[in-house]
Structure formats: C-alpha cells, structure tokens
Amino acid sequence: MPSKTILALALSGICVAGCATRPSDSETERTVAEMIKTSFRTRGQATVARLSQDDAQALCSKHAGELPKGVSDGIEKAQQATIRYPSSGKLMGDWREGERIAQSGVGKQFTDAPNRPAGGSCYNCHQLSKQELSFGTIGPSLYQFGKQRGASEAIQKYTYGKIYNAEAFSACSNMPRFGHNGVLTEEQITHLVALLLDPDSPVNR
Amino acid sequence: MGIQRVLAGVLAATLPCFSPAQQDTLKEIERYRQLLQESNPAELYEARGAEHWTRKRGPKSSSLERCDLGLGPGVVKGAYARLPRYFADTDRVQDLESRLVTCMVALQGFAPEEARRNPFSGTGAPMITTDPFSGVGQRSVMTDLVAWIASESRGMTIAPPMSHPKERLAYQAGERLFYFRAGPYDFGCITCHGEEGKRIRLQNLPKMTNAKDAQRAFGTWPAYRVSEGELRSMQWRMWECIRQMRFPELEFASDASIALIVFLANRAEGGTFDAPAIKR
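As you go down the protein sequences, you meet chains L and S in turn.
By the numbering used here, the letter at position 149 of the first sequence is numbered 136, and the numbering carries on one by one without gaps.
By the numbering used here, the letter at position 274 of the second sequence is numbered 278, and the numbering carries on one by one without gaps.
This is chain S alone, in the form it adopts within the complex (with noise of 0.2 Å):
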C-alpha cells in the first residue's frame, strides 16, 4: 500500500512532463492500477499453495511439510525473504522454486524431470496458444506453492545471505550476467534496466543497480498479472526477460536463472516484500 501511494506521488511529479492528451493517458492507468489493489486473485493460488504443501503426493506418497526452505525443515515463514541462499545438502545456491524441486525429489519421490515440469501456470509465455509445458488454463502446483510460500514472507525484509563463498560466487556470475550482450538484438539486462525512468512503451522500467528501483520490482513478485490472468514468479519473470531478449529458453531453475536472482535480490536488500502483488 505504502508502495502504491509512493508510485502515485512519482507518477504525479513526473505529469508536467508529458502533453495533456498523454496526462490523461496516465491518469487512467494509474487509476486502474489503484482499482486492481482493492481485490487480488493471488489469494486463490496462495490458497491452493498452502494445500498441497500438506497434501501427500508422488511416488512416496508424501507430503512437502519436512521440507528445508533453509530456515529448518517445515520452516516457511519468513523463508522467502532469506533466499536465494546456499544449501549444505545439495551443495548448490538454490532460490525458491529450485529448492521445491529438490524437495519434491527427496520428500515425495517425483524424478527431477517430473519435478521441473510445468513450472508456470496457463501457458507460460504470453499470447501463445501452443507451449510444450503447458495448456491454456492449466494450474501448476509450483506455481501456487511459490504464492503461497511467498505470501508468508509479507512485510519481512529483503535479506538474503552473502556469507557463503558460493552465494558470493553466485551474485557475481550473476552481475555479469546482468551484463551480458548477445543475440540478434544485442540485448542484455542492462539495455532496459540499467537507467532511471525509462519505460518500454508506457511501460516503466526498473533500474536494477539503483536500491530503491530494485526494492520496488524484487519486493512485488510474485504478482497476479492481470494481462495475462495468471500469477507469475520470479523464475517466470527472469525466464521472459530473456524470451523478450531474443536469447535461447532459459531453463527452468537452471544456475544461470538463480545466479541473475541471487543478484536481483541482493540488490533489493533492505526492501520490503509486498508479495503475491498485482501488475497490469
């Protein structure tokens, strides 16, 4: 909410720059980001989240309730604010959605390729009608864990770990990805995130290297994207940046996804999670 009224106070002191026509322009979207805050369906996925954390599933029948989110197993409060961090049994830096895997593994028996199947719910990417991992409407059981693993962290502090040679290591294969340029369009994160308020279109642009920016985009996602008409995750955000980038697909909890998080989040260190929120 705080957030909400600090964007509108940008969104003000930024109208005298633009023509009438386009004032008026923003006025009603910013209205209509206003509106979506009063009611948001991530409520129905973190719903959904908390139930198959207890429900027992896979070949072992088994529930996620031992699982270790890295505060201790079973632990999911406040969990989300304290990662990515690194896992002493998998030996790996691991952000949320990687470590649901793991666990799905160990607890419930699915094998890994099970486990990293239909990562995000409806079909993945935007405005496409055939995706290989998934189907129109279709639910996604990490997806609605991470809204509601997510939603236990609200109002916590953006805090994860650095004391970990690999977490270090992590953040700065991750920065350097940040800044990798390649592809037919030379893109890389930096081309749209790497200056203060720009926008795509209308859309505005986090800068990820400056706190505030980073706290704001970081501290709301998950979010219900209402474009879209489904709740999407951090994985799902880093895997479309790079499908907009003209890059190859970025695999499902690969290091690459979790090294660029480890950084992102780093960046947001300090922030408040504000998460499942609601985007456009």
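Just chain L, same shape as in the assembly (with noise of 0.2 Å):
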C-alpha cells in the first residue's frame, strides 16, 4: 500500500496537464458503453437487446455501492405498479408443482431450448424443504414460511407479488422480477405461492 502511495504521488508529479491519474466518470462511461455494444453477440435467444437495461436495472447498476433512500423509494414505487395478479383471482396452485419449479435452474439461457418453460431456480439461493439439502444461502432461509404467517389472502398477494416483482418490495434485490420480466407464468408463480404457504407443503411440515 505504501509503496502505491508513493507510486502515484511519483506519477502525479511527472504527469502534466491532461494526464489525470484516474479516467473521468464520462470517458469510463463512454468506454463501458462503447464495450457493451462491441464485445457481446446474439447467441439463440440471448439477445443483444437483453444489454439495454430499464430504469431499475440502470438505477441499481449505478447506485451499487449505495441506495439512496429516494431511489430505492421510487425504485419501488414504480415497480409495485408493474404486478399483475392472475385474472382468475386464484393465487394457490399446487404444491407439488411448485416443488418441481423451484429445483430447476434452467431458463433463459442460450444453451436452453427457448420453448422449454423456465425453472424458478429457487433453491440456487433459498432454503425451502427439510430434505432438500443442496441449497444456496443468497437468499433467506424460506422455510416454514407459511407455517409462520399463516395464508390468509393477504399473505398470498404478496407472495404472489414478491415472486411476481421483488423490486417492488425491495428495491435492486438480488432476485429476478420473475413475472414482469416473463421468465415463470402467471400460473408456475402460483405454484410458488402454494410452495411456500400450503400446511401440506414440505416447506411447512
């Protein structure tokens, strides 16, 4: 560490007029831009098109150290107004599905088959079920998460909406938006919901 100290003291001396020790905010932007334009293809259905980011992908890129409280607040905001709950006013599908759905991580990629329906791939980050012990810990532990808030229609529309938008109640989660970005159905995120809240589920025994 010292000796990077004197390194750039030594450089800063030596450098005249136009040669600043570190890049400028704008020419790192224009270079970043310039790389995401030149150094990625298409490939199946990853498209170059998936690089243009919407307001929350580029506020939480931007803000990643820190979130101001504004941002995150209208991160949110405007997030919740993207939820759309099924229009059969069901919200609890079938455990068993659910399951299923969370232990796979395929989706999206281009080495998956795009008509193939996508995974949830919730044990990648959460615990869910006592059995299942490869499970990834990025995410909190869910189990017995309805064992412990019951499923009262309540409960069931905001897992539905967490599932469905996770920006919506955090903003910049670490979690896809697996509804408003199309990668799990209406009904898969069901599925989810009933995962996570029926008393026969084993997240709940």
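Simulated from the structure, these hints should not be mistaken for lab results.
Among these hints, one or two may not hold up.
One side of the interface only, derived from the structure: several residues of chain L facing chain S at Cβ under 8 Å [what the hints assert, rightly or not]: (1) PRO10; (2) THR29; (3) GLN40; (4) GLN44; (5) LYS64; (6) PHE97; (7) PHE122.
In silico DSS-like cross-links for lysine-lysine, where the CA-CA straight-line distance does not exceed 30 Å [unchecked claim]: (8) S:LYS81 <-> L:LYS117; (9) L:LYS95 <-> S:LYS211; (10) S:LYS170 <-> S:LYS81; (11) L:LYS56 <-> L:LYS77; (12) L:LYS95 <-> S:LYS283; (13) L:LYS117 <-> S:LYS170.
Virtual Cβ for every residue (Gly too), placed ideally from N, Cα, C.
Put the complex together from the two separate chains, hints included.
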C-alpha cells in the first residue's frame, strides 16, 4: 500500500496537464458503453437487446455501492405498479408442481431450449424444504415460510407479488423479477405460492 | 496446498452452523476436494502447451518463441502474474489469451478469426452437445498454451501493472461492468459475488471485492474442472458466468472480457498464483 501511494504521488508529479491519475467518469462511461456494444453477440434466445437496461436496472447498477433512500423508494413505487395478479383471482396452485419449479434452474440461457418453460431456480439461493440439503444462501431461508405467516388472502397476495416483482418490495433485490420479466408464467407463480404457503407443502411440515 | 488447508479450516469453522446430515455432505465434499489435489490432469495440458509454444505453426510456419507476453520477447516465467497489461504495439490492454491471439497473427501469420477460433477445449459450455466452435473432447491449442504459461507463474505474487492510463481506464470500466445489471434475470456479477460466505446450492461463492476471496479465486484459474473433464481458463470463467447471467454471448478476448479480468486481477493483487488448480 505505501509503495502504491508513493508511486501514485510520483506519477502525479510527473504528469502534466491532460494526464489524470484516474480516468474521468464520462470517459469511463463512454468506454463501458462501447464495450457493451462491441463485446457481446446474440446467440440463440440471448439477444444483445438484453443488454439495454430498464430504469430499475440502470439505477441499481449506478447506485450499486449505496442506494439512496429516495432512489429505492422511487424504484419500489414504479415496480409495484407492474404487478399483475391472475384474472382468475386464484393465487394458490399445486405445491407439488411448485417443488418441481423450485428445483429447476434452467431457462433463458443461450444454451436452453427457448420453448421449454423456465424453472424458478429457487433452491439455488434459498433453503425451502428440510429434505433438500443442496440449497444456496444468497436469499434467506424460506423453511416454514407459511407456518410462520399463515395463508390469508393478504399473505397470498404479498407472496405472489414478491415472486412476480421482488423489486416492488425491495429495490435492487438480488432476486429476478420473475413475473415482470416474463421468466415464469402466472400459473407457475401460483404453484410457487402454494409451495410456500400450503400447510401440506414440505416447506411447512 | 496452503490455500487448501485454510479452506479446510474455514469449512470446519462453519460446520457447526449446519444440520448433522448437511455436515456429512459438506465433509464428504471436502474429503473429495482434498483427494482431487493429489493428481491434477492439468499437467497433461501444461505439457502440450509447452510443445505448442516451440512448434512451427500457421502460414508463416513459425513458433511462438518470440512472443512478448509483457516481460520481453520469449519471456514466459512470471509473465502471467503480471497480466493483464498495456502493450504499446497494439495500443491495447491485453490479457494472456488476447495477447496470444496477437502473437499467433503477427508471428505465425494466422488470420485474427483463425487465431480466435476454438478458444476452449471440449464443448466450451458444460453439458452442451453441440457448440459452434468446438466439439466433444476436442483439444484447444489456446487452452493448452494458457495452462503451460500460467504454470510458469506458479508460486508468484499476483501483480498486474496499473501505471498506464489505459490500464486505469480498463480497471474503471471493469468495475462498472462488475456492477452492471441487465437481462431477464436482472443479474450482474455483483449478484453472486457481492457478499461474503454465500453459496449457490452447495457451491461457495467468492466475494470479488474482498481481497482474500479474490486472491483465492483469481489465483486458482486456470483450473482443471473435474465436473467437465476439461481445463478451463480465465476467459472461459468470464464467458461461462456471463452465460449463466442470461446475457448474450461474451466474445472471446473482447475488451469487456479483458476489462473484467483487469478489475479482478487488481482486486486479487498481492495473492499467490497456485494455478492451474483442480476444482470440483
């Protein structure tokens, strides 16, 4: 560290006008935009259009270090407005289907068959049932999720909404916006709601 | 070896957090990892790579022996530990693989697209049977060269230079790319590598902004991947993460791939190279 500081000082001493020790933000931004344009290519379903960020993605990238309260409130409000509940009004599907969807990590990669339904990749990041020992820890444990909360209409609505668009509740969440981004169908989400809330689901036993 | 012992210690320390059944699973995985260290097929790739370096290839029927990897023409010892870096002849910041492309073009007379073809051995991506740039079990000269050149920096300190303005620009750009979220899953590198002690399923994830994690992760690539039966390079690691992030395909040896590697190499500065390693 000290040798680096000395080096930086020495360099700044040598440098004349126009030779900054650190590139300007605008120069970095231009460089990144150029790299995004030239370093990727469409392959299968993964088109380069995927690199065009929406407002939430752009804001979360920009404020990755620290998210100001005003920005996170704005994101959550805008994302809240995107949630679409099933027209049938039925939010709880079949937990057995939900378990299959939670186990599956396929979908949307350029190596995945585009017409095959995507999985929810839930176990990649969350503990869900007691039986599945291979679970990730990026998200919180959801074991006993329904047992602790019940399955009232309000809880069903919250759970559906959270899976549909996690950023409506937590701006810049690590969790994909499964419904909003068209990864999972409304029906698939209702199966996941059942997995989390049905008293017979392994999550709650 | 030291790293392995530290890893085992970390695992042992975290074991009490898990259920007895899970402790058994983790102990078995750790035992498996230790067994793996005892013989590493990467040596076969290294041996082939050393031969490719001196073999006459390409339209000019010439070897790579005069290739300048940053420490002067033909100097391989320690070169990988000081990459990526700025090269005046190309006026670009280059990592090992993009530099090898430059040398294959300049010294051996290959067309650039020819030099970039077949960058990864085997199928490239795991569990894919058809891939446009390589076939099952197919050897990659690039991968072999990377294995050998990296092995010539084993035990050395990771020390990428950061004095040229273009190196600093590549670092800043790489940092932005690390935080760049996009695609149908809203993923960025930061999603999996932004917090300490996290896992995907049972796979531990390094926090790349943390020096210790970055040093251990960066210092063990390239690596022989047992699950794929292939040796994998740092370019492949970037390409594969980007695939799993649901992004379009990252071009081999592209500026974005190099910028990301510059960022990671600098986060890992001061660590020790222990590569080619062997991984799950």
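Hint-by-hint comparison with the structure:
1. PRO10: Since chain S brings a Cβ to about 4 Å from PRO10 of chain L, closer than 8 Å, the hint holds.
2. THR29: At about 5 Å, which falls below the 8 Å cut-off, the nearest Cβ of chain S leaves the hint on THR29 of chain L intact, so it holds.
3. GLN40: holds, 5 Å
4. GLN44: This interface hint holds because 5 Å falls under the 8 Å limit.
5. LYS64: violated, 18 Å
6. PHE97: At about 6 Å, which falls below the 8 Å cut-off, the nearest Cβ of chain S leaves the hint on PHE97 of chain L intact, so it holds.
7. PHE122: holds, 7 Å
8. S:LYS81 <-> L:LYS117: violated, 51 Å
9. L:LYS95 <-> S:LYS211: Holds - the C-alpha atoms of LYS211 of chain S and LYS95 of chain L are around 25 Å apart, at most 30 Å.
10. S:LYS170 <-> S:LYS81: holds, 24 Å
11. L:LYS56 <-> L:LYS77: violated, 34 Å
12. L:LYS95 <-> S:LYS283: holds, 26 Å
13. L:LYS117 <-> S:LYS170: violated, 51 Å
The structure fails to meet hints 5, 8, 11, 13 from the earlier list, while all remaining hints are met.
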